[in-house]
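In case you want the letters, here they are:
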Amino acid sequence: MAVHAPAEARRHVSRLAINRLGLWLFLLSEGFLFAAIISSRYYLQGLNRPETLNQVLGLGITIVLIASSLSAYRAETSAAHGDQKGFSRNTLATIIFGALFLVGVSIEWREAFHQFPPYTGFGTIFFTMTGIHAFHVLTGLLALGVVFFLGRDGRFTKGASWGVEGTVKYWHFVDVAWVFIYPTLYLVN
Amino acid sequence: MALLPLVRGLSLGAVGFLLGGGLAAGIRGLMGLDPWSAEPVIVVGYVFGLIGWLLGVGLWGTWAREWLGLAPKKDHVHDWRRYFRFCTDHKVIGVQYLVTFMVIMLLGGLLAVLMRVELMQPGKTLMGPGQFNNAMSLHGILMVAVAVATIMGGFANFLVPLLIGAEDVAFPRLNALSYWIIPPVAVLLLATPLMGGFDAGWTAYPPLSVINAPGQTLYLLAFLTFGISSIVGGMNFLATIITLRAPGMSWSRLPIFVWSIFAAALISLTATQFVAYGLLMIILERVAGTSFFNSAQGGAPLLYQHIFWFYSHPAVYIMILPAFGVVLEVLAHFSRKPLFAYKWVVGAFLSIVVLSFFVWAHHLFTSGMADYLHLPFMVTTELISIPTGVVFLAGLGTIWLGRLWLTTPMLFALGFLFNFLIGGITGIFLADVPTDIQLQDTYFVVAHFHYTIMGGEVFAIMAGGYYWFPKITGRMYNDRLGKLHFWWMLVTYNLTFLPMFWAGVQGMNRRVADFPPELAGVNLFASIASFFLAASFVVLVYNLVVSWKRGPVAAANPWRARTLEWQTTSPPPLENFPAEPQVMGSPYDYGVPGSVHSRPGIAGGAQEVKHAQG
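Chains as they are written, first to last, in the working numbering: chain A, 26 to 214; chain B, 231 to 844.
If you're looking for bench data, these hints aren't it; they were derived computationally from the structure. The model shown is predicted, which means the values in this text are computed figures rather than measured ones. Note that the Cβ used here is the ideal one computed from N, Cα and C, for glycine as well. Treat the hints loosely; a few may be bogus.
Covered by chain B, per the in silico footprint, the following chain A stretches (three or more residues, Cβ under 8 angstroms) [what the hints assert, rightly or not]:
#1 47 to 58
#2 169 to 178
If you want a taste of the chain B side facing chain A, the calculated C-beta under 8 angstroms gives, among others [what the hints assert, rightly or not]:
#3 Ile461
#4 Gln527
#5 Tyr772
Using the sequences and the hints given, assemble the complete structure.
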């Protein structure tokens, strides 16, 4: 009884439009979470930045994550056009980029444990920010995995690919959040 | 087996807890730490246990199966057992919220009575200072949850779709999820005494909240989980109100209660993330050894207070805006007059939403915050009394020269105006920096916020409860008992809390189990009055329970009100309206010649409308 039959007949705004609105509201809400996290960095640490940060790795994982947004976009477009092959290929690429990003973050964490452990001022901020963001990446990867397997079974067709669209929009959001986190951690000085 | 989903939820929750707890212990063992440290095991175990509980109670069958490409199962239960299941009908969810939070309110009230027993005389009466602080903290968070969720979760769920002529909310399964997150919250909070309790108050300021008993961690997890429910609920109401209004239900014809929920939902959607982050910081501090609040490592305890109040001040508007909505609704219908200054009230609601994000630091006037921040936050705080005053004046304008029908709900709405006036005016002394420095952390503050939230919102909850009781249950309450409850509660409420202003000015500190002997008289008086206040709830509960079972069957529209919820049967059918209603005009134009709010839809007509639009 999730949706009663007459509801479909009675609705004046399409289900797709309602889903889109709901997702945007959720992303707005999540934006406040990242705003809180970023503001706490400036409140506690100001513009302080340790010289021991691995700048090459930081830039590397940023590029990988931005690349994943491109393939995610291509996956969404392919699904919307009913291009089964393109969808599978690009979703898989996105998952691989996302996983690479997480590998990069874990290497970063191994180094950070020695340079600025979680009990230090900068370490507190660094581990919290990257940790909460990595958790979002992980949930995005899970959703992409679900979408990937459902899509291989042919669940998304031309004009009926909200599952892909919603997941990809969330993925873009996680990327945009990183675009704010990256300069906050690595660049300000 | 009616309770099978609950059993499934509990067992999967237990499995999840063991799995998560084992995982945490394993990781700690691998890292060379003591594997059985209680708090990390509890935190990770709880996260897994929560997921297990939700999957077992219904998330798996109705939803998660889809993620694996399986068909979701339909639940065909239509009798009382719906109330114990993952049901997506907004009316069932509304009743689930109302009953749950009614019980929590009674528990929180019982704690308040225990505290008043302790405060009857100087020295130890019933419990020591530690137990008193635990009781005070638990009372605080239980009542905050009641204040946030009774109207937003209970009345709004039951009524918003009805008031806008919709069949359900925009996301019915998320709606059910937002309710079924609540039982773990209640279990955690009621389990805190087993783990040493938590004595840092509901505000949980560090450094105390970082170093006290493990009960604090249960509290943090509970509040965090409750926040998720709040965010999901806010999102759902916004999407519902934006997209599911019946034809003709334009924004300027929206019932004022719906507007108040819209405004409050904006706050709970966004600000709640801040408190989630604040609580998470304390959990990390306790479990992962971070240094957010440890100044030796560059941390700052004030960070928590900023983050916490950035949510928790707007949160009082999540509590009071829907209360304004209920009261204005009741005042208009029982004054038989158009709602005074409707558009100004809508503007006031939205200005309150915006301003509420710029007042938080008035909670930090005495915390050691930079002095230059005092003036701007004093000004913004006093500014917010302008839209609040508009709402209050709209209430007075509505009853002015009206033909008042003094039913029980109307009496409670008028009681709201009386109490809220006192609560509002005493707030000015706390917004002003010079007086606040004197009054902060005294019973003046206790009296002020109880006048706004208990004298205000709880009176509004009672007004709404009696007003919509026939719609929700299909039965009529006993009006004489209702009026007895009102007068009993109004008098004993004021006898309890009015003296506290005086005690606060005399220097009676809040959050302490003991006080100087000079204050014995006023405290004894407030305590005795509070016992009579508590007894008034016996009348309420008796009336509600007996009427629900044996009260006279209610008509569809016992109040002859114009809004849409009364234009269908009591209680409404599964689809709310046999056919979609058409909205023609304002809901409040009582006595305006020729004005019509709505016209019932024609069965099958909805299809034609859709074709015409498509």
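Taking 8 angstroms as the Cβ threshold, is the statement that the stretch 169 to 178 of chain A is covered by chain B upheld or broken by the three-residue rule? holds (count 4)
Stated coverage of the stretch 47 to 58 of chain A by chain B [criterion: 3+ residues, CB within 8 angstroms]: holds (count 8)
So, as I understand it, the hint says Tyr772 (chain B) touches chain A; can you test that by seeing if any CB pair is closer than 8 angstroms? violated (34 angstroms)
For the restraint on Gln527 (chain B), tell me whether the closest CB of chain A is nearer than 8 angstroms. holds (5 angstroms)
Residue hint Ile461 (chain B), partner chain A, criterion CB-CB below 8 angstroms: holds (6 angstroms)
Consistency with the previously given hints fails for number 5 only.
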